[in-house]
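Asks: On the provided structure of chain H, position chain G as indicated by the hints.
One-letter residues, chain by chain:
Number of protein chains: 2
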Amino acid sequence: MQKKCAIGIDLGGTNLRVAKVSPEGEIVTKITASTSEEVLGSVHKAIDSLFSDEIAGVGIGVAGLISRERRRVIISPNLHVVEKIDLVGEIAKRYGVPVVIENDANAAAYGEMWVGAGKDIQSFVLLTLGTGIGGGMVHGKKLLNVPAEIGHMSVSSDGEKCPCGNSGCLESYASARAILSRAVYHLEAGRESLLQMYYEGNFYKLTTEDIFKAALDGDNLARDLWKSAGRYLGVGIANMINLMGPDAVILTGGLTGAWDIYIQEAVKEASKRAFRELFERVKIIPSLLKDDAGLIGAAGIAFNILRTQAV
Amino acid sequence: MQKKCAIGIDLGGTNLRVAKVSPEGEIVTKITASTSEEVLGSVHKAIDSLFSDEIAGVGIGVAGLISRERRRVIISPNLHVVEKIDLVGEIAKRYGVPVVIENDANAAAYGEMWVGAGKDIQSFVLLTLGTGIGGGMVHGKKLLNVPAEIGHMSVSSDGEKCPCGNSGCLESYASARAILSRAVYHLEAGRESLLQMYYEGNFYKLTTEDIFKAALDGDNLARDLWKSAGRYLGVGIANMINLMGPDAVILTGGLTGAWDIYIQEAVKEASKRAFRELFERVKIIPSLLKDDAGLIGAAGIAFNILRTQAV
Numbered sequence: 001m002q003k004k005c006a007i008g009i010d011l012g013g014t015n016l017r018v019a020k021v022s023p024e025g026e027i028v029t030k031i032t033a034s035t036s037e038e039v040l041g042s043v044h045k046a047i048d049s050l051f052s053d054e055i056a057g058v059g060i061g062v063a064g065l066i067s068r069e070r071r072r073v074i075i076s077p078n079l080h081v082v083e084k085i086d087l088v089g090e091i092a093k094r095y096g097v098p099v100v101i102e103n104d105a106n107a108a109a110y111g112e113m114w115v116g117a118g119k120d121i122q123s124f125v126l127l128t129l130g131t132g133i134g135g136g137m138v139h140g141k142k143l144l145n146v147p148a149e150i151g152h153m154s155v156s157s158d159g160e161k162c163p164c165g166n167s168g169c170l171e172s173y174a175s176a177r178a179i180l181s182r183a184v185y186h187l188e189a190g191r192e193s194l195l196q197m198y199y200e201g202n203f204y205k206l207t208t209e210d211i212f213k214a215a216l217d218g219d220n221l222a223r224d225l226w227k228s229a230g231r232y233l234g235v236g237i238a239n240m241i242n243l244m245g246p247d248a249v250i251l252t253g254g255l256t257g258a259w260d261i262y263i264q265e266a267v268k269e270a271s272k273r274a275f276r277e278l279f280e281r282v283k284i285i286p287s288l289l290k291d292d293a294g295l296i297g298a299a300g301i302a303f304n305i306l307r308t309q310a311v
Numbered sequence: 001m002q003k004k005c006a007i008g009i010d011l012g013g014t015n016l017r018v019a020k021v022s023p024e025g026e027i028v029t030k031i032t033a034s035t036s037e038e039v040l041g042s043v044h045k046a047i048d049s050l051f052s053d054e055i056a057g058v059g060i061g062v063a064g065l066i067s068r069e070r071r072r073v074i075i076s077p078n079l080h081v082v083e084k085i086d087l088v089g090e091i092a093k094r095y096g097v098p099v100v101i102e103n104d105a106n107a108a109a110y111g112e113m114w115v116g117a118g119k120d121i122q123s124f125v126l127l128t129l130g131t132g133i134g135g136g137m138v139h140g141k142k143l144l145n146v147p148a149e150i151g152h153m154s155v156s157s158d159g160e161k162c163p164c165g166n167s168g169c170l171e172s173y174a175s176a177r178a179i180l181s182r183a184v185y186h187l188e189a190g191r192e193s194l195l196q197m198y199y200e201g202n203f204y205k206l207t208t209e210d211i212f213k214a215a216l217d218g219d220n221l222a223r224d225l226w227k228s229a230g231r232y233l234g235v236g237i238a239n240m241i242n243l244m245g246p247d248a249v250i251l252t253g254g255l256t257g258a259w260d261i262y263i264q265e266a267v268k269e270a271s272k273r274a275f276r277e278l279f280e281r282v283k284i285i286p287s288l289l290k291d292d293a294g295l296i297g298a299a300g301i302a303f304n305i306l307r308t309q310a311v
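Note that the protein sequences, when read in sequence, are chains H and G. Just so we're aligned, residue 1 is where the first sequence starts under my numbering, counting upward by one. Just so we're aligned, residue 1 is where the second sequence starts under my numbering, counting upward by one.
Check before you lean on any hint, since a few could be wrong.
Repeated chains share a single entry, so a pair holds when one copy, or any two copies, can fit it.
Stated by the list, open to error - For lysine-lysine, the following BS3-like pairs were computed, each having C-alpha atoms within a straight-line distance of at most 27 Å: (1) LYS142 with LYS283; (2) LYS93 with LYS268; (3) LYS290 with LYS268; (4) LYS205 with LYS93; (5) LYS84 with LYS272; (6) LYS161 with LYS283.
By construction, these hints were calculated from the structure, which means they are not laboratory data.
Isolated chain H (complex conformation) (with noise of 0.2 Å):
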């Protein structure tokens, strides 16, 4: 028999992204398309692409709160529309292959555990650092079937109001969202910035790319901004230490781009707040699968019940 491949779906954030992946954790084929409000149409147009008989199963990864008994996206606040779908069901039947859900945070743990910077270790908790931010936790080399919902552990109790319903969540300070409307609030107050020559103005367009530029240019209050995001950061960080106890926390998103101000700060928050036994023992280092985690372990997760299947 020929190899078997998996097809792997992110939808993890503003852009579908579909991948061909191999039984060795090797993209063959890679699709990126913009999500659209109809996206079965959109990831059925993907797969199709994508299908041959070589195909022996579809692992989809979706941000927000999977119900596994279900096989159902409960709850996704940046794509509403999903939680109206029964993604699994309708790729099932179109396709005549098993298709499983997860959440992409875990899809990218689970990644990074078979073929990426989890490989050789035993146990770690990922954080995806976006423009909100996820979790994903890996125990004795087996991805945790919780929702590791690191974003919305409160670190702030009477902090600021999360859409999610809680106070003081962690995705308020220190995500990509956060640091953008951080820092449109300082630009309109009118702080002194490089950044408010940026877009005529138009603070509304910066991006982190943008603050990040600025940062290394020296503004202050570009690297205010990165600061105080990395050390919420690092209090996250610290408490999931104190809790699992990992070998290592692994991190991976756009934000890492700019690990040099606001990942060296968390790490610094994080030493000092983690017990020292634990923190001396956890290696903090980034994703090596990068934005292909979540898609390659997606895949991933779909070849590991096929497996369990043919037990």
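Replies: Quick look at chain G alone, frame taken from chain H:
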């Protein structure tokens, strides 16, 4: 062969508690002694009085951070003396049976899973609510081999400095120590309260039982103290629900005596903060084994090790 028993030891707080436990998780005999500086001598004396050929192993639960690899207590903030003793080695040498060591709250979680409130529950988070706050986690009917230092999760990043090094630890707001220190603060500041008449104004003699009694008598300060602690506990519980999505949260320890005000406030707060879908499926319930959870659990872990070694 006759049934073999195990000895469970709870070095959790100010008392040393030692019990002979049956393979069915029942306490056959129990001894309580005070822990002096001479811990090892007290432990030996207590085991001596229970030991016989019937004893197959010893399990020790200690408040603090345990290294499973080194089989030692790394830090025990309330009983520093055990950090310097090789408890496992000394007991194994003296009695010639296998000895295991675990964090006391992890041992309590094991006990509740084995024969307590968690017997029929797949996954739960246990919180010990006493002088400090400890935690233990069960996932898929297995005790998670993690520190679970829930009391040292920061829920108020710029909050009170904790002796552990972190700031804003849950324990600094929701434990007996926190309630008592706030009581003293308000009473010394002259706040009107029934508690002003207790112990002829020697507020350091107050107990949480006194404060609960005053709360039942309608005292506003006493009620505020419990409610504030309960609110923070609710923040901590919501965090654990968002992280672990457990089937249950099991609460144990002396403070659960104030269930109707402290725990009810915590449940109310957690209900506002946790993801609704996760909160709806979680049961927040009291421990069944109460103060004996740690003792029974420590013995249960010893039995478990014996089974593993026998295979």
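Asks: A separate judgement is required for each hint: does it hold in the structure or not?
Replies: Do the hints match the structure? See the list:
1. LYS142 with LYS283: So LYS142 and LYS283 pass the 27 Å test inside a copy (18 Å) and across (26 Å) alike.
2. LYS93 with LYS268: For LYS93 and LYS268, neither the intra-copy (50 Å) nor the inter-copy (43 Å) Cα distance is at most 27 Å.
3. LYS290 with LYS268: Answer is within; shortest intra-copy Cα gap is 23 Å, inter-copy 40 Å.
4. LYS205 with LYS93: neither (42 Å within a copy, 69 Å between copies)
5. LYS84 with LYS272: Between copies only: 24 Å across, 44 Å inside.
6. LYS161 with LYS283: Close across copies (25 Å), not inside one copy (32 Å); limit 27 Å.
Checked against the numbered hints given earlier, this structure breaks hints 2, 4; the rest are met.
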